[in-house]
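Participant: Listed here are the chains, written in short residue letters.
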Amino acid sequence: MNTLNEKTANGNGGQPPMAPAGFDQQMIQLLEEDDGDQKFTINIEPLPAVSAACTTCAVHNAANLRSLGVDMAEWDFVVALAGNPNVGKSTVFNTITGLKQHTGNWPGKTVSRAEGGFEFGESRYKLVDLPGTYSLLATSMDEEIARDFILFGQPDVTIVVVDATRLERNLNLVLQVLEITDRVVVCLNLMDEARRHGLQVDARRLALDLGVPVIPTEARHKRGITELLQAVDEVATGTYEPKPHRIQGTPPVLKNAVNQLMAQLEKLAPGLPNARWVALRLLDGDQTIADALSEGRLGTLASANTSQPAGSLVAAQL
Amino acid sequence: MIDPLIALLVAGLLAGITALLFWPERGLVIRWRRSRQISERVLAEDALKHIHEHEMKGQPATLESVAGTLHISRDQAAQLLERAEENGLVSMDAGMLHLTPDGRNAALHIIRAHRLWERYLADQTGYDEAQWHGQADRIEHSLQPADADALAASLGNPTHDPHGDPIPDATGQFVAHGGQPLTAIALDHPAQIVHIEDEPETIYAQLVALGLYPGMTVRLIEATPKRVRFWANGDEHVLAPILATNISVVPLPQTVAVAVEDDSETLADLKLGERGEVKAILPRCRGAERRRFMDLGILPGTVIAAEMISAGGDPTAYRIREALIALRSEQARMIQITRHTETAA
Amino acid sequence: MTTATSIPLKSPPQTRHGDDATPTPEDVLALARTLRWEIGGDFHQTLMETIYTDAARIADRAVTRSGEKQRFDLDRTIDHLVTSRRWGIPIMILMFTLVFWITITGANIPSQMLSDLLIGKIYPLLNSIAAAIGMPWWLSGILIDGMYLATAWVVAVMLPPMAIFFPLFTLLEDFGYLPRVAFNLDNIYKKSGAHGKQSLSMMMGFGCNAAGVVSTRIIDSPRERLIAILTNNFALCNGRWPTQILLATIFIGALAPIYIAGLVSALAVVGIAMLGIIISFLMSGMLSRSVLKGEVSTFSLELPPFRPPRVWQTIYTSLIDRTLYVLWRAVVFAAPAGAVIWLIANVTIQGTSVAAYMVNFLNPVGILFGLNGVILVAYIVAIPANEIVIPTILMLTVLLNGISGTGQGAGVLFQMDSAVATKGVLVAGGWTLLTAISVMLFSLLHNPCSTTLYTIYKETGSKRWTTLSALMPLALGFAVTFVVAQVWRLLSGIG
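Chains as they are written, first to last, in numbering that gives the first Met the number 0: chain A, 0 to 317; chain B, 0 to 344; chain C, 0 to 494.
One or more hints might be untrue.
[Said to hold, decoys possible] SDA-like cross-link-like pairs, simulated, lysine to any residue; straight-line CA separation at most 20 Å:
id, chain 1, residue 1, chain 2, residue 2
1, B, K48, B, E84
2, A, K254, A, L282
3, A, K99, C, R309
4, C, K457, A, P106
5, C, K462, A, G107
6, A, K99, A, D70
7, A, K99, C, L323
8, C, K292, B, P23
9, C, K457, A, G107
10, C, K189, C, M202
11, B, K278, B, T340
12, C, K457, C, W327
13, C, K457, A, L67
14, A, K108, C, S461
15, C, K457, A, G103
16, B, K270, B, T340
17, A, K99, A, E118
18, C, K457, C, R216
19, C, K190, B, G312
20, B, K278, A, P250
21, A, K242, C, R56
22, C, K292, C, W464
23, C, K189, B, R332
24, A, K221, C, R309
Think of the hints as simulated: they come from the structure by calculation, not from any bench.
Please take these sequences and the hints and turn them into a complete structure.
Facilitator: Structure follows, in structure tokens:
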């Protein structure tokens, strides 16, 4: 439960560690307990087949990734880069990957995609740049692509780049990503601009509230990138176990419906990490999610492993 | 070389003939294709729809009502219904027409296709209200159940059409809107519009012109055989009872406030440097655009400041949750606000 | 009136399971369908309100604002200046004039150098190598005179301006200026049913239509994006400017007294480009009111804060993403075109070249439109790249009119060192002032090059839209040149 405390401080010691302290973590859980919808935030135990020793295993869904046009043959982990438009996401991407990148389109779509790689610690990471979106409710093709990648590709880590000067607007996307996946690192970019505009953004407070690492960066000046990668590495290898915040306060009109659906989903796929989100999407009439549910493609984050075909494990779950 | 005058004349003639043949919507080719579409199948399907409608009202359809609605003679109607009966779609009982289970399924599919298409036109296209019904009346006969399902999926499986009518789902289930005519509710009691009848077209056009849409809250002030007076959307409306009965409402708890005589300002009324708090996005803003507004953070309670006007005079840039977003004037007119009296710094 | 009861018209899809039974996915979906009738209302709004309320609460706890806000004003001042009624448009014109000026003057020298290298040095070298290894004449003809030369031509003409234009454009984009341009011009575009961002894709089209078509991705409304794609070709691209400048100089500028000849020809070229812009507005309006009437239309435009652009990164990525990409596509299409051009000039049937058959066949048609057979054949075989239209016309004219003393041989593209000599060849080929004007108009109004067509197909994924994008300007081009030619002849016949 207290794995958060074990998160190592950032490598160079220049920045304070962003991990919440144990007390605050307990506070958060106390706060969350009065909301009945929080029971699914508990991380999933690894399947016996994967064995308990494999906490550092990759969780991404290699089969789904292939159909999303990402080949994981030479990589250990896959990291998705999400964010609103105009938050310096491509700067972050370029700074991390350098010239090791190539651009193309998403399979079958006319939406550009950039892909690159980096090495950190002992692992090789593939970094996939998702389209810049304000939301993930699949209103546009961009949103659909970003959503599908996070949901079905199950990246080992999703970095959400946010603009420190427009935090509220950007948190909209962060909260939506946190509903789908636990494995998130928030890159609090444009800290220099925020300072220039007389804004102080408390990254520790934010990390506490969101339950995931929040790393302040100035990608343009290459500041904070090492810390960002460190956090990514810790989440990917399981050293750091995020306890993500889930959106508070289901509106009363939806509460009954959401609870009923969640109860059924819980029975259908015990431990589905994003049951509430799935319930909300079903209530919104999202056909992609409905199809994924009936075809058994809504695996848990821990259920798919690179070494095994994803389908069989998911099927075992459902 | 050809004489230029003759060349010009011949070319002009050719252009004229081409236009006559292929002009969109009014060209001869289009007209010919449209006239071919009114086939017997279409008539039969319309008859099923009509019978279903009457069943829903609890007053079975008759041979006469079918003939009247479809604008065909009694003999033609009789032939049509005879064939429908042979196909096991309709049963006749003492002059009253009833649908068999198969007939009801067929009717429901047509209704589903019609309402889905209206939803599609409303949410995803630029056609205006007046054209929805007519287009849907044509399309409903050519959408196969699989097409309808695909359309529904792409629209997010909507439950209601833009007039407030329920769209039967793929299994044929639906829940009727359950409204009562506006004229039937208690005076001074808040109610919500759940349905606006889209036939006849002229009445519907008038109601749309008044800015009345499903989802709006209303309060009745006066209902006499001469006129019906009510508040809706911050305006007082006066309608002839015949028009008012085409609006269906459900009563709301007494505690719900109905906007009465407010200034009813929109974002477009803000001058540069002024701020306003969003009250609502008007119902005529639909589909992707409405969702986009909300994703951008335009929600009840959001404070928005007008910041710059384009050199071309139209889009205005608004500060919305710290970001600068340009909205065209017709978009800004769809966002209702209350003005903040103190101006932005 | 209907009543408030639920009417299950078929048997309810699933009976509710006991509490302990494991539901199937279908049970869950059926439950969701039933529940959806209960929640009703504006689901999306409820959800977004919840999320934003939560976001506001979290953001509030994390952010503190100090009082000083001075630097904020610099951004606002720039913003108010570049969007002001008085200065907005002049600043824009100044900016883009600067960009075009830098492109044109900056591209001259490298273009010349590339041309000297690829055509002046490597081409003869390849020929001598081919001769040395005893390559059959037809093979070296197809490979060197045909494919290599056409490709070299396209690269020399196309690469330098694009390598300058695209990075400059990307820098403006990175700085945050381009969204302001779209903001300023939106009102004009709105009147023709288009999106302000179309101004940007058009601007890009002045560099290269294929790149312009790709850049319409910034328009997120499907209808407006299609309009931008279908009308991008009316932006006079880099491959067509040289044709316009050449013809304006030798035929139109020559009409004026020598001291204003340069100005007159420049005005003629700008006039053609302006005509393209006007036509793009007209066609946008027509498309939005006819074929694209029912397509969905939404407008959204964020004006991001101004940020200092990252110069080197921008140059690198725009070279990789735009320049090399477009160049590669062009080369892929130009090489086979070179082979075709060489073949039609060299393959003979009963002593007459295929080119001659084609030209003779098309000549009467060409005359009708103020053009001639050579021009039409050149436009047919040079679909892949507008850059090689004039060299093809010159080659065919020399070949078919038996002009001696110029040209490099059948199927070998060339250009003349002087404008006067070029005019001499063209006049010998029967060109008049009307021909020149017709070619200038037709160069603006004809189907996009095959690179662009391929890009349109890729972007729209539709054969229908690709066909329309080819036929619409072509039909317009024939209509305009026809009317101009006939009216011209009518008037000059009387006069």
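Participant: It remains to establish, for every hint, whether it holds in the given structure.
Facilitator: Hints and how they fare:
no.	hint	result
1	B:K48 with B:E84	holds, 15 Å
2	A:K254 with A:L282	holds, 11 Å
3	A:K99 with C:R309	holds, 18 Å
4	C:K457 with A:P106	holds, 12 Å
5	C:K462 with A:G107	holds, 15 Å
6	A:K99 with A:D70	holds, 16 Å
7	A:K99 with C:L323	holds, 17 Å
8	C:K292 with B:P23	holds, 11 Å
9	C:K457 with A:G107	holds, 10 Å
10	C:K189 with C:M202	holds, 17 Å
11	B:K278 with B:T340	holds, 15 Å
12	C:K457 with C:W327	holds, 16 Å
13	C:K457 with A:L67	holds, 18 Å
14	A:K108 with C:S461	holds, 13 Å
15	C:K457 with A:G103	holds, 12 Å
16	B:K270 with B:T340	holds, 12 Å
17	A:K99 with A:E118	holds, 11 Å
18	C:K457 with C:R216	holds, 12 Å
19	C:K190 with B:G312	holds, 13 Å
20	B:K278 with A:P250	holds, 19 Å
21	A:K242 with C:R56	holds, 19 Å
22	C:K292 with C:W464	holds, 14 Å
23	C:K189 with B:R332	holds, 16 Å
24	A:K221 with C:R309	holds, 12 Å
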